[in-house]
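Student: Listed below, chain by chain, are the residues.
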Amino acid sequence: MSTAEAIASSPPLLSVEGVTKHFSGVTALSDVSLEVRPGEILGLLGENGAGKSTLLKILSGVMPPSSGRIVFDGADYAPSSPQDAKRHGIVTIYQELSLIPTLTVAENIFIGRAPLGPLGLVSWRGMEDASRAIIARVGLDIDPSTPVSSLSVAEQQLVEIARALSLESRLIIMDEPTSALTETEVQKLMSIMDRLRKDGVAIMFVTHRLEEASAICDRMTVLRDGRVAGHLDRDGQPIQIPKIIEKMVGRAASELYARPTQRDVAGAVRLSVRGLRTVRDPLAPHAIVLEGVDLDLKAGEILGVAGLVGSGRTELARAIFGADRIAAGTITLDGKPIAPASPADAIKLGIGLVPEDRKHQAIFAALGILNNFSIASLGRYSNGAGFMAERREREALAGYRKALSIRMASPEQAIEGLSGGNQQKVILARWLARDPKVLIVDEPTRGVDVGAKAEVHQILVQLAARGIAIMMISSELPEVLAVSDRIVTMRRGRITGEMPGIEATEEKLMELMALDRKQEVTQ
Amino acid sequence: MTSTTEQTERSGINIARLLMSFGPLMFLAVLIVIFTVLKPSFIDPINLFNILRQISITGLIALGMTFVILTAGIDLSVGSLLAFCGMVAAVVAKGGTANTLSLSTSGTQGYGWFAALLAAVVVGALAGGVQGFAITRLKVPPFVVTLGGLTVFRGLTLTISNGGPISGFDASMRWFGTGLIGPVPVPAIIFAIAAILCHIVLRYTRYGRAVYAVGGNAEAARLSGLRVDRILISVYVIVGFFAGLAAFVLSARLNSSEAVAGIGYELTVISAVVIGGTSLFGGIGSVGGTVVGAALIGVLQNGLQFNNVSSYTQSIVIGLILILAVAFDRWLKSRVRR
Amino acid sequence: MTSTTEQTERSGINIARLLMSFGPLMFLAVLIVIFTVLKPSFIDPINLFNILRQISITGLIALGMTFVILTAGIDLSVGSLLAFCGMVAAVVAKGGTANTLSLSTSGTQGYGWFAALLAAVVVGALAGGVQGFAITRLKVPPFVVTLGGLTVFRGLTLTISNGGPISGFDASMRWFGTGLIGPVPVPAIIFAIAAILCHIVLRYTRYGRAVYAVGGNAEAARLSGLRVDRILISVYVIVGFFAGLAAFVLSARLNSSEAVAGIGYELTVISAVVIGGTSLFGGIGSVGGTVVGAALIGVLQNGLQFNNVSSYTQSIVIGLILILAVAFDRWLKSRVRR
Amino acid sequence: ADKLTILGSVPNLGFPFFVHMLNEIKAEAKAQGVNLTESDGQNSAPKQTADIEAALVQKVNAIVISPLDVNALAPAIEEAVKAGVPVVTIDRRVDGVEGILAHVGADNVKGGEAEAQAMVAAFPNGAKLFHLQGQPGAGPAIDRNKGVHNVLDPLKDKYQIIFEQTANFARAEALSVTEAGLAANGKPDAIICANDDMALGALEACAARNFNDVKIYGFDALPEALVAVRDGKLAGTVEQFPGQQSRTAVQIAVAFARDKTEPKEKLVLLTPIVIGKDNLDKAERLNETK
Ligand SMILES: Nc1ncnc2c1ncn2[C@@H]1O[C@H](COP(=O)(O)OP(=O)(O)OP(=O)(O)O)[C@@H](O)[C@H]1O
Ligand SMILES: Nc1ncnc2c1ncn2[C@@H]1O[C@H](COP(=O)(O)OP(=O)(O)OP(=O)(O)O)[C@@H](O)[C@H]1O
Ligand SMILES: [Mg+2]
Ligand SMILES: [Mg+2]
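Protein chains in written order, with my numbering: chain A, 1434 to 1956; chain B, 31 to 368; chain C, 31 to 368; chain D, 43 to 332.
Only chain A is shown next, with the shape it has when bound in the complex:
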């Protein structure tokens, strides 16, 4: 009997039977049933807002279901708290990072279970030594006494994964663990998942990167509007991506995944960066600083920026945008030297930035969509006396709502209530309303589902066609390849290579991204 058959015939470790969840009127889950067996990886897929995280939160004891039954290991399972779920051997990596930023890496890994020394007191030494081994497993090499707040999003994600892996578990729930990771780390995670699978651990895995899902999942359950849209089985070979998309959105996949044509843009150089350096932060000495970046961005082109985690892409974007202090170097816009000392300056000059961390850097969670939309162009939607011209503002939003097909209930709706993809579109609309000359987008589709992702790509292409110079930072190589007219790669705060989008392949980019300084010089 093959392992696959053995798994298929073994009793399920977890079975969800007819689970429904209501949130004051919204039905997030409706009669959802699925099963996970020991030693298998079940992919849970679906568009933004399909209910994936809700289901996982129910399983991990964050919230109870409105109705339905869950059986774990043959017994009724109704966890009262995350603590309770842990006791059952269910460990969760949440979509929103659940690390404590003020504590060290070691403490986060051992939260609530710090190793104790002779007097029953916490042994910091033991904790840090053990942590070093645990994070090494995911390929992370940082001092465990570093506060988490000084790590990049990707590093935090890895710490969180490492922590989950260090817990005794029978079922690991992973809600978009790879959204902040680049190819290399993803590969590492995949091999760890594979090992766990062989050890008989069950895994539930959520991702919007369908290539990943297709590569690793034994089976998939696809959710649509809170219902099970179908189950897919590996059947010896990877599950086909078009099939997944069809189940997710309910229509044929081809139209969604059209790769935009790339052009060799001959426009004038709009933004030019020379010898850009940033200041080192002594409190986070391992943070990347720019070590002299030269870059040109032409009007009407989409410049993809690829690089591994910590290669300095975000730093480049922030430096150009005036969000971080610059140590040396020049920036010219349309031939004129500029020195934005703050984002406000940069914006006045016609530069826009869609930041990588939507929740902390872009969204005003408690405010309505309208306010979120117009916040960067209050001047445009107000009269000379400083009063808001709300009608114009609403009309403008209505226009973008249509153009970007933003799905929302009303302009007053709190933006928190939108799916990630729609939030991202509102942020894009925020910048479009300013009609920027240069638009920098940092991880524009992180956590965004395939459908919305394709829409965002379309929007970027259309903007470029209107003459806007776009710089797109992305950790997803397929995305970089799909939309970039030209691609540069970065490593350790330097540009290591450049090529036209048409010529680029994942392999070539990976090679450039791994280049070190010396090789770059010889190049």
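Simulated from the structure, these hints should not be mistaken for laboratory data. Hints are all accurate, no fakes.
Mimicking EDC-like on lysine to aspartate or glutamate, the simulated pairs with C-alpha atoms at most 20 angstroms apart in a straight line are:
hint	chain 1	residue 1	chain 2	residue 2
1	D	Lys170	D	Asp195
2	A	Lys1781	B	Asp259
3	A	Lys1781	B	Glu249
4	C	Lys69	D	Asp44
5	D	Lys229	D	Asp255
6	D	Lys275	B	Asp200
7	C	Lys69	D	Glu80
8	B	Lys363	A	Glu1845
9	D	Lys308	D	Glu120
Which chain C residues face chain B? A few, computed with CB under 7 angstroms, are given here:
hint	residue
10	Lys169
11	Pro171
12	Phe173
13	Leu177
14	Val182
15	Arg184
16	Gly185
17	Leu188
18	Leu297
19	Val304
20	Tyr342
21	Ser345
22	Ile346
23	Ile348
Owing to the predicted nature of the structure, the values given are computational and were not obtained by experimental measurement. Ideal placement from N, C-alpha and C gives every residue a C-beta, glycine not left out.
Add chains B, C and D with the ligands to chain A, keeping to what the hints say.
Tutor: The following block gives chains B, C and D with the ligands in isolation, referenced to the frame of chain A:
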């Protein structure tokens, strides 16, 4: 991603919003009914206008405090600043600190009510600006800066007046504290006008939008091109301005500026704002709520005094009702939410 | 993949850490030097022990407040709670409220110092627990609950004692306030022991680390399996306990429990904690910092008084130095940062 | 020889009454040619205690103190006595501490009694009263309240206190409280207040309602109140002679510190009197009102 958020049952949300904003208001209405039942003369216009006049002082400051708290800040110095501005107004109105005694309304050698008013609000706004500057440039948290301010302004006030009051203003100045327009006390009218203006600023101007945005997410606001520091400084200028205005009205009303004025006002004022539903974490709140909050405290104090409840019991009851009012509001909101 | 993070410059971090923790301490050292130069008798052991005894009361409460602020909470009720616990201790020590006047140390009919101490700390802890419960269950923000508590406990205290003090304890009780062990005042020893215990609890126990976690990010702490509500309630119990202990020591020292004791202590106590580097947003801070903060305030008050600085000027100087101390600390940290 | 140094400590310099007291202490110290260390209790017994302790370290030659609270300050005063520093108390007498050099005071209880008696004399046929009390728990508030009740409680049938509230010694609060009282109970015959600030606040409230014949009594004989008495706006205010108390206390303390001159009397009690329109000249601070 389609329909779930689509039909975000508009009706539900609207009823929710309504109830939410009415939480403190319902509480206020219930209190008024109770006090009226206990002693029907409670709703005599005289008493209601008394209450209006009484809440107008802390109410004015609470309007400014609403701006501050909307940015997730806090200002503990308002009570001391009120005393300081009042003393400044008195010095200007009377032309010096020497003439501290005469209660006669004539014979003052000062510069008149307008100069006094101007001095009070300018000094208040400046003092607020200095604190805002310390908060944004020295990066000292608002709690600490204004706690320092609380001590410093009190010391300055006592130094100016050497501990004593400065009393006896002319009739034109006193009108702002004791006058009536029709049956309505002037302080109440000043408060009402200020509240309406603040409401308009917060609700209908780009500046107001920026205040909410800074409070909602300062980092996102900065990355959206708002001059966060300037906005933060401005809200402390505003609360300082209102402390100055309140000081002027209070001095006019008492016919005296006292060095010990405003002690403990910071807590009353913050209570009014918070009871009114403004979040101490910033980004959520409204002027309407603050007015209701101030009224609730005013009605409670007046009503208990009206019934000659012992001062010890008053303390206990006020403390409990403060907690209950906010708990009730939270409960309503959570009911509506899930 | 190992290369994702570049080589850590450990040395940089260590110097940074060192300087950071020494910010307030450096400030304290400078103050002591200045005062000593101004008047050498300032560093007389007698005076230093006086300062220690003086800071022990607010210092004890500040220890508890450190726990609360580490969870991003705040407790404004400590001053009133101190008065309340002190009154309870007095009633127990003297066996009733009636005997409020006799200063004679004999002839008290009460239950002795141990019962009084026990009553004070138990009542304090209970009162803190009730407030913690309101915060976690009724979801009312700590600021509001403890502001209510501030009023309620004062009212209760006045009710118990009918406004007056209860005075005259026996020698065994008074020893806790006025006694010496060798040359060291007993209150200072109590404070030192409590500080060391708190330091160990916060730094070396799972509970202590959980307190930091809850303050760092309550939601993440919950998802990580911590019982956030219980931890939140516990810190209010702790600060209540310390308010009770401080009340006992204060009553023993003054030989009297006063209904007006502790007015305004909340601000002194919070100042001590914040000057000591604990963040009002939670998750960052230490007991050592709080001790330094309390010492800084104590030295400042004593030193100014020592130099016969007028009381009004004292207010101004203390307020400014409070702001400067924190600004200096921020500046040091940011120097290190950029 | 070195100049003598004495500590002059008052409970709370936020109140004009004590500012006056300290000013008088200062003036007398200057007249006597001694240095003065000032102390403001800031309304806190531990603070006033700390100030005494600091003074003892500095080896002051004598202490003149108006204690915030007679019980709570007793240990500190005892310490001073033990250290051999002569202590003269002003205004409020500390019982139970042996060895205090002298006490100079006018009892607040007596003052409260005088205030109530003045009102009784003005309304021999009975009256309806408001009573505004001082800050709950504060020593003077307790004593003055006691004095008023000592007189009025036996006369309950004739003199009814229909409205009794604290206004925390503050003018603004007295105004609000009196407004509420007037709205709830109508016009009283008289209002007894535990200090002048509250009396002046009550006065504003009555004036606003045109109740100009309400007899309002204050306490402390501040210049501002004296003016109001002169103008017939206040019916009276209680004079405790704080200046005379202070100066006498300093004289006693300095004399002893210089050459161990024992005071003639260990207990100098000044009888508080009510200042009305007819005996304004008895007021200590009348000259400040000109
Ligand atoms: N606490 C909540 N209150 C109200 N509605 C909620 C809440 N949490 C989730 N929802 C709603 O439930 C639906 C499902 O959300 P969920 O987070 O489970 O989606 P998801 O599949 O994880 O999406 P994504 O891929 O964007 O993470 C959405 O419509 C969302 O708005
Ligand atoms: N807030 C911060 N404080 C200190 N260091 C930081 C901070 N944010 C990031 N870093 C450090 O900077 C380095 C680079 O950051 P970051 O990962 O954002 O770069 P990037 O090239 O944009 O990569 P990616 O976009 O994949 O995250 C990381 O090594 C991280 O440790
Ligand atoms: Mg999700
Ligand atoms: Mg990045």
